[in-house]
Amino acid sequence: MEPMPRALKTLNWLTAALFVAALYMVFLYAPREAVMGDVQRVFYFHVSAGWVGAVAFLVTAISGAVFLARRDPRWDRLAVASVELGMVFAFINIVSGSIWARPVWNTWWTWDPRLVTATIMELIYLAYLMLRQGIEDPDRRARFGSVYGIVAFISVPITFLSIRFFRTIHPVVIGSGDPTAEGTFDMTPRMLQAFLFSLLTFTFIYATLLWHRVRLARLTEHVEERRMQLTSA
Amino acid sequence: MPEALATPGRVGARGERPVAGYLRAIAAIVRKDLAAELRSRELLGAMLVFSLLLILIFNFALELDARTRRTVTAGVLWSTFAFAGTLGLNRSMALEVDRGCLDGLLLAPVDRSALFFGKALGNLVFMLLVAAVILPAYSALYSVNLFLPGLMGVVLLGSIGYVVVGTLLSSMAVQARTRDILLPLLLFPVVLPVVIAAVKATGGLLQAAPPEEIRGWISLLVAYDVIFTAVAFMTFDYIVEE
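Respectively, the protein sequence lines represent chains A and B. Our numbering applies: residue 1 is where the first sequence begins, and numbers increase by one. Our numbering applies: residue 1001 is where the second sequence begins, and numbers increase by one.
Accuracy of the hints is not assured; some may be wrong.
Said to hold, decoys possible - For the chain B half of the interface with chain A, some residues (derived, Cβ under 10 Å), not all of them:
#1 1098
#2 1099
#3 1144
#4 1145
#5 1178
#6 1185
#7 1188
#8 1189
#9 1190
#10 1191
#11 1235
#12 1237
#13 1238
What the hints assert, rightly or not - Derived, one-sided and incomplete: chain A residues facing chain B with beta-carbon distance under 8 Å:
#14 120
#15 123
#16 127
#17 130
#18 131
#19 135
#20 138
#21 147
#22 148
#23 152
#24 163
#25 185
#26 186
#27 187
#28 188
#29 192
Said to hold, decoys possible - Just the calculated beta-carbon pair ranges, DEER-fashion:
#30 A:196 x B:1056: 49 to 59 Å
#31 B:1142 x A:187: 47 to 57 Å
#32 B:1065 x A:106: 50 to 60 Å
In case anyone wonders, no lab produced these hints; they're calculated from the structure. Think of the CB as a built atom: it goes at the ideal place given N, C-alpha and C, for glycine as much as any other residue.
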């Protein structure tokens, strides 16, 4: 059993500290939004989780491409670890959005382009995991996973484009959004600071968990190898 | 298989121009698929009967009276094509794997992507044949005229996108343990843009919407077809190697 690297231990503590600070920023530092009230505070973690989800799936697509080029199993471990984390964060994104939508849109769910895209994204990567589950040969599993990871990542933006033509009520806070969207608001400087800090914190949480997950996958493989050696001896 | 055999660019075994050899390889695979189907008649027959059953189910599930038909015909048609399509895709690839044909094809001195385009073209022919029966049948059953030139174009573009992604994913799905249930799970979320765009374009054409409204959906279909043909071309090698 190899010990946990010192850098990872430091990262654990750093991420924990950042998260506590982010909680402070979101609940105490950022002002209360005038129209929506305290429920608007969902926004900070809602967008951060969505951002991390997208980054995670991008990491999967890139490490899939690198795996196909180099055939180093480390890239495949990274790809699958990132999918698992991306699904968790994308799910946090959907659930927190739903909690925000209940008071603001007066419904838990609506068939809005962003909501549909988020759902499709979860379903695609669920299929990714099922594909991997159905293949025993590790090399083939890695190759198929890489190809599907790339196909999936290209398909999601096209899905978003294809439903964007429908009317949207989802607000676009960053950049210029439709002013008629329900639940949009202007960020004060303190809100912006809390938001950017949440983004940073969530990115750190992702990086820390990714490291742990990749390390766990490597350890699992070591255990498998040892077991094979013992049973064949 | 030795790695040297797996390198692409081995077309033109008899010293002919590479492009001609490549096209000949594609044509040979399409001919093989059509000849096999002509003798067994199991794939097309199953797809057709399944499609008609789906329309029957939609008829009762949606109560396709004259008023509803105007708005849901496009959706019924494309759901039927999408479901019948997975049936064909699964079968077409499973045949290659089960009888060891795929190994034989991989030994042939042609570029791997030629195999992909051959299989995809064969699947496209089956899709279009199903459409060629379903469209007149639907027209006759519900007295709607589906024979608009624009609609033929949408069917062609939609089928190309569906078949390109479907062939790529089915060649993965048939090599998995859970293959019978895996293909629709892999395919439907990825192919959703095609279904949306095709339904919208078909609906627009049937309701005689102004061309500007339809053009966006057609462009989306073309873009999807081009992007995923390129992706499949680049990644198919990695699926069939070993």
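Structure-based check of all given hints:
1. 1098: violated, 17 Å
2. 1099: violated, 20 Å
3. 1144: This interface hint is violated because 25 Å lies over the 10 Å limit.
4. 1145: violated, 26 Å
5. 1178: holds, 4 Å
6. 1185: For residue 1185 of chain B, the interface hint holds, since the closest Cβ of chain A sits about 5 Å away, which is under 10 Å.
7. 1188: For residue 1188 of chain B, the interface hint holds, since the closest Cβ of chain A sits about 8 Å away, which is under 10 Å.
8. 1189: Holds: closest Cβ of chain A sits about 4 Å from residue 1189 of chain B, inside 10 Å.
9. 1190: Status holds, d = 5 Å.
10. 1191: Holds: closest Cβ of chain A sits about 8 Å from residue 1191 of chain B, inside 10 Å.
11. 1235: At about 5 Å, which falls below the 10 Å cut-off, the nearest Cβ of chain A leaves the hint on residue 1235 of chain B intact, so it holds.
12. 1237: holds, 9 Å
13. 1238: Holds, about 5 Å.
14. 120: For residue 120 of chain A, the interface hint holds, since the closest Cβ of chain B sits about 5 Å away, which is under 8 Å.
15. 123: holds, 5 Å
16. 127: holds, 5 Å
17. 130: Status holds, d = 6 Å.
18. 131: holds, 6 Å
19. 135: holds, 5 Å
20. 138: The hint is violated - residue 138 of chain A has no Cβ within 8 Å of chain B, the shortest such distance being about 13 Å.
21. 147: holds, 5 Å
22. 148: holds, 7 Å
23. 152: holds, 7 Å
24. 163: Holds, because the Cβ-Cβ distance from residue 163 of chain A to chain B comes to roughly 7 Å (cut-off 8 Å).
25. 185: Because about 31 Å separates residue 185 of chain A from the closest Cβ in chain B, which is outside the 8 Å limit, the hint is violated.
26. 186: violated, 32 Å
27. 187: Result: violated, 33 Å to nearest chain B Cβ.
28. 188: violated, 38 Å
29. 192: Given a least distance of 34 Å, the restraint on residue 192 of chain A is violated.
30. A:196 x B:1056: 49 to 59 Å: holds, 57 Å
31. B:1142 x A:187: 47 to 57 Å: Cβ of residue 1142 of chain B to Cβ of residue 187 of chain A: about 53 Å, so the range 47 to 57 Å holds.
32. B:1065 x A:106: 50 to 60 Å: violated, 33 Å
The earlier numbered hints that this structure contradicts are 1, 2, 3, 4, 20, 25, 26, 27, 28, 29 and 32.
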